[in-house]
Structure formats: structure tokens, C-alpha cells
Amino acid sequence: EPEVTQTPSHQVTQMGQEVILRCVPISNHLYFYWYRQILGQKVEFLVSFYNNEISEKSEIFDDQFSVERPDGSNFTLKIRSTKLEDSAMYFCATQGGRSSYNEQFFGPGTRLTVL
Amino acid sequence: AQSVTQLGSHVSVSEGALVLLRCNYSSSVPPYLFWYVQYPNQGLQLLLKYTTGATLVKGINGFEAEFKKSETSFHLTKPSAHMSDAAEYFCAVSDRGPVKLIFGTGTRLQVFP
Chain A
9 EPEVTQTPSH
19 QVTQMGQEVI
29 LRCVPISNHL
39 YFYWYRQILG
49 QKVEFLVSFY
59 NNEISEKSEI
69 FDDQFSVERP
79 DGSNFTLKIR
89 STKLEDSAMY
99 FCATQGGRSS
109 YNEQFFGPGT
119 RLTVL
Chain B
11 AQSVTQLGSH
21 VSVSEGALVL
31 LRCNYSSSVP
41 PYLFWYVQYP
51 NQGLQLLLKY
61 TTGATLVKGI
71 NGFEAEFKKS
81 ETSFHLTKPS
91 AHMSDAAEYF
101 CAVSDRGPVK
111 LIFGTGTRLQ
121 VFP
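Protein sequences appear in the order of chains A and B.
Take the first sequence: its position 38, counting from 1, is numbered 46 in the working numbering, and each next residue is one higher.
Take the second sequence: its position 74, counting from 1, is numbered 84 in the working numbering, and each next residue is one higher.
Fair warning: there could be bad hints in the mix.
[As the list claims (entries may be wrong)] Straight-line alpha carbon distances no greater than 25 Å define the calculated DSS-like cross-link-like pairs of lysine-lysine that follow:
(1) A:Lys50 x B:Lys59
(2) A:Lys65 x B:Lys59
(3) A:Lys86 x A:Lys65
(4) A:Lys65 x A:Lys50
(5) A:Lys65 x A:Lys91
(6) B:Lys78 x B:Lys59
(7) B:Lys79 x B:Lys59
(8) B:Lys68 x B:Lys78
(9) A:Lys86 x B:Lys79
If you are wondering where the hints come from, they were derived from the structure by calculation, not from laboratory data.
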């Protein structure tokens, strides 16, 4: 069964460093999302992406964050200068065309630890 | 704005007992409703969803949920709990179409032998 994959599974970084989180969507999916879950808290929406553009972003998604799909396959989330409060689990989710457009498939997540 | 309220951050049941996890939503338009399960150190797996049609929806692992518009609820149930059901359960709502999910705060289900 097709699945969403994410790399790395765990990233440890120093405050102020840039990180790039990678997601490989299910191949025919058209809509892409990033969510995050701070330890012990709920899953929060960050950004949605369609047709090579951001379609919606939350208040959390400030200028330190960016997304792109550089090669038509990977979908990346970049944090330019990490803060302690960016420590969280980051989930990528993808959504397909007509046959399954009402369901988002989640990757296993990347645990980001900012020291 | 849409929101989801999950009553009870922790629910404990005995193996074989009924599981009831509560979810109430707020939405100005007919919503899509979802239940996701998260096992320790894993991602989110879709249990079931309501989009249109029959209000009682059946999902994987014997779970089901009923959409009650009058009560703005989408409670998750399972007649008989199994040890393997122990996990975190998230209710989510979205507008119709491919748009963001709004999650509740989650309910941790513990199952005792």
C-alpha cells in the first residue's frame, strides 16, 4: 500500500541553525500539508500546498518557515533559524485527487529537538 | 471558525468493555469529520471518516462513530476493547474539500486486563 515517508526520523539541532525536513508524498497526490505536535499537545496545522503554491498557512507559519517541492517529488519544510519552541514532531500529510480527496495520509513524522 | 472538543484527556477501560470517546465540533458549514489513532512513536492513522450519507460510519479495528448534527457530536465507540486499542485518539474536522484538518486535544485510551 502506498505510504507517505519522512526523513529524518529524528533531527537534533542547535538553536539558530537551519533545518530541512523532507517528505515523499504518495505519487499521485496533489495536496500537501505540514502539521506539528509539541510534546503532549494537539496536532496543529502549519501550511497547505497545492499547485506549487501555499494555499493556506497558520499563524505559526511565520517568516522563519518555508515550503517547497523542488524536484516534483520531495516536499520540504525549512526552518531558517530554529528556536527552542520549534521542538516538536512534524508530520507531513498528502491528499489525492477525486478518488480520495477527502482523506489525508500522514507520514510517520520527524521529531525535531532544538537545543 | 471550526473547532473540536474532546471530553476526557484520559479514558481507562477493562479489556472487553465498551469504549466511548467523545468528540463535539463547531462548524458553520456541514463538516467532514475524522477519527485518527496514534500509537506510541508513530504517525496518525485514519480510523474512520464522515463526509456524507449514512451517519453511522464504520472504521478499522471494530470502531464506529455516529454523526449527530443536532448534538454536533461525532463520538467514537467500540463494543469490546482490546489491549491493542491502547493509543491516543484524535478527532478532527475540516471543511469540505482538500483543506486543513483541525484537531482536538486527543484522548489517551488505556485498556486494563
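Status of the hints after comparison with the structure:
no. : hint              : in the structure
1   : A:Lys50 x B:Lys59 : 19 Å, holds
2   : A:Lys65 x B:Lys59 : 24 Å, holds
3   : A:Lys86 x A:Lys65 : 14 Å, holds
4   : A:Lys65 x A:Lys50 : 17 Å, holds
5   : A:Lys65 x A:Lys91 : 19 Å, holds
6   : B:Lys78 x B:Lys59 : 13 Å, holds
7   : B:Lys79 x B:Lys59 : 15 Å, holds
8   : B:Lys68 x B:Lys78 : 15 Å, holds
9   : A:Lys86 x B:Lys79 : 40 Å, violated
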